[in-house]
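Dock chain B against the given chain A, drawing on the hints supplied.
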Amino acid sequence: MREEELPYKGIEGIPIIKEPGSAAKVNRGSWRLVRPVHNRDKCTKCKICYTYCPDAAINWTPDGPEINLNSCKGCMICVEECPTDAMTEEKEAT
Amino acid sequence: MQGFKSIRNLPEQDYFTGGSSACAGCGPSLGLKLALKVLGPETIIVNASGCMTLLPLYPNTPLKSSWIHNAIENASSTAAGARHGLDMLGNEDMNVVVYAGDGATYDIGFASLSAAATKNERIIYICYNNQSFGNTGFQWSTATPYGSETKTTPRGKNNPIGTTVVNKNMLKIMGAHRVYAATASLAYPVDFLNKLNRAKERDGFSYIELLGSCTAGWNYDPRMTIRISKLAVRCGMWPLYEIENGVLTLSKDFSELKRIDEFLKLQGRYRALPQDGVDRLQVLVNEHWGELKEYNGHRYV
Numbered sequence: 425m426r427e428e429e430l431p432y433k434g435i436e437g438i439p440i441i442k443e444p445g446s447a448a449k450v451n452r453g454s455w456r457l458v459r460p461v462h463n464r465d466k467c468t469k470c471k472i473c474y475t476y477c478p479d480a481a482i483n484w485t486p487d488g489p490e491i492n493l494n495s496c497k498g499c500m501i502c503v504e505e506c507p508t509d510a511m512t513e514e515k516e517a518t
Numbered sequence: 488m489q490g491f492k493s494i495r496n497l498p499e500q501d502y503f504t505g506g507s508s509a510c511a512g513c514g515p516s517l518g519l520k521l522a523l524k525v526l527g528p529e530t531i532i533v534n535a536s537g538c539m540t541l542l543p544l545y546p547n548t549p550l551k552s553s554w555i556h557n558a559i560e561n562a563s564s565t566a567a568g569a570r571h572g573l574d575m576l577g578n579e580d581m582n583v584v585v586y587a588g589d590g591a592t593y594d595i596g597f598a599s600l601s602a603a604a605t606k607n608e609r610i611i612y613i614c615y616n617n618q619s620f621g622n623t624g625f626q627w628s629t630a631t632p633y634g635s636e637t638k639t640t641p642r643g644k645n646n647p648i649g650t651t652v653v654n655k656n657m658l659k660i661m662g663a664h665r666v667y668a669a670t671a672s673l674a675y676p677v678d679f680l681n682k683l684n685r686a687k688e689r690d691g692f693s694y695i696e697l698l699g700s701c702t703a704g705w706n707y708d709p710r711m712t713i714r715i716s717k718l719a720v721r722c723g724m725w726p727l728y729e730i731e732n733g734v735l736t737l738s739k740d741f742s743e744l745k746r747i748d749e750f751l752k753l754q755g756r757y758r759a760l761p762q763d764g765v766d767r768l769q770v771l772v773n774e775h776w777g778e779l780k781e782y783n784g785h786r787y788v
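In the order they appear, the protein sequences are chains A and B.
All residue numbers for the first sequence refer to our numbering, where the first residue is 425 and numbers rise by one.
All residue numbers for the second sequence refer to our numbering, where the first residue is 488 and numbers rise by one.
Extracted from the complex, chain A is given alone in its bound form (with noise of 0.2 angstroms):
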């Protein structure tokens, strides 16, 4: 639905997020103090990393998973949950 379609329209002076998903361009990656590092050989690509990640950090493609650095905050879920260690972690540079 278009905004000038929609039904409600706010009460003036009071904002509304218009834009979903707009959270998506806000920089978590230097929450970081490890970052995932994914190898291609090893995957199975069981969809166990991109399934468990809190904040969608990894997206799925059709190659498999791909870490998206600007929204993983470094929790390792995906690094301790992987069944075949293809993920491993790495010490971010500080």
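Quick caveat, the hints were computed from the structure, so don't treat them as lab data.
Check before you lean on any hint, since a few could be wrong.
Covered by chain A, according to a simulated footprint, are these stretches of chain B (three or more residues, beta-carbon under 8 angstroms) [unchecked claim]: (1) 511-521; (2) 710-721.
Away from chain A, derived, C-beta distances all over 12 angstroms, residues of chain B [claimed, not checked]: (3) GLU499; (4) GLY643; (5) LYS644; (6) LYS655; (7) ASN656; (8) HIS664; (9) ASN681; (10) TYR787.
Virtual Cβ for every residue (Gly too), placed ideally from N, Cα, C.
Quick look at chain B alone, frame taken from chain A:
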């Protein structure tokens, strides 16, 4: 309806993006991401004040669905109102979902939840249970299990146990409202999303309680979020079951439970719990599990 079979065939779309202000490894945030996979963008999420209120911070939101925030007491009333409004407009496909913490469910918002459940409003209530008032700094709530340390029940010389009261059995209370009530875990996303699908198709109130591991409050390494959720199920601290029309069904049945020590030793909130406290907690867990096994497939409430 055919349910999901494995993680591989869960829906691929995400209606949740990164960039929120939740902690790294946040359990409830992962729960919302998974829930939106099934609910889709045609959803109004009603939120009671809590950790998840901080997800959409002006001018950014990680959600691709609508969001209403209301006070901690009346999320269920707001949702019921939204449902009635949508029905009047003829928009019956829109989902109305409450996403509220355990403080808003067990304690402060219990009256409005009970009213909405009694009137059998067509809404889905998801409680992300982090077993405390997490957003204000981990204070005791009636969902806090025996033996857990919180800010308001600290361990000391006179009270080495921490929380000395036993948490209330919310599923039994909700089951007694004659609605669909189920527990879910982040470590079993297929089970969670199948239950959510079931709730979505019902013409009435559904209550799903999700154990939302809290890295800051439970005091563990963020990478352990899924492992701790899995251990909670395997140790019997968080059994997975559903109650419909008063009949209990275990979703994950184990012939033998693991000892709870494995679950406790990963978390800072149980670190100084003395051995007699651990033994007492084990007895409580075994009692609850025994009760569930006994009533599996039978009338529970």
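Okay, the hints, checked on the actual structure:
Counting residues of the region 511-521 of chain B whose CB lies closer than 8 angstroms to any CB of chain A gives 8, so the stated coverage by that chain holds, three being the minimum. With 5 residues bearing a CB less than 8 angstroms from a CB of chain A, the region 710-721 of chain B meets the requirement of three and the coverage assertion stands. Against the 12 angstroms criterion, B:GLU499 falls within the reach of chain A, whose nearest CB is about 6 angstroms from its own CB. Every beta carbon of chain A lies more than 12 angstroms from that of B:GLY643, the smallest distance being close to 32 angstroms; the non-interface claim holds.
Every beta carbon of chain A lies more than 12 angstroms from that of B:LYS644, the smallest distance being close to 36 angstroms; the non-interface claim holds. Consistency note on B:LYS655: stated as away from chain A, and its beta-carbon is indeed over 12 angstroms from all of that chain's, at 28 angstroms minimum. Separation of B:ASN656 from chain A is adequate, the least Cβ-Cβ distance of about 28 angstroms exceeding the 12 angstroms criterion. With a cut of 12 angstroms on Cβ distances, B:HIS664 stays outside the contact zone with chain A, its closest approach being about 31 angstroms.
In this structure B:ASN681 is separated from chain A by more than 12 angstroms, as the shortest Cβ-Cβ distance comes to about 14 angstroms. Every C-beta of chain A lies more than 12 angstroms from that of B:TYR787, the closest at about 31 angstroms, which supports listing it as non-interface.
Of the numbered hints stated above, the single one contradicted by the structure is hint 3.
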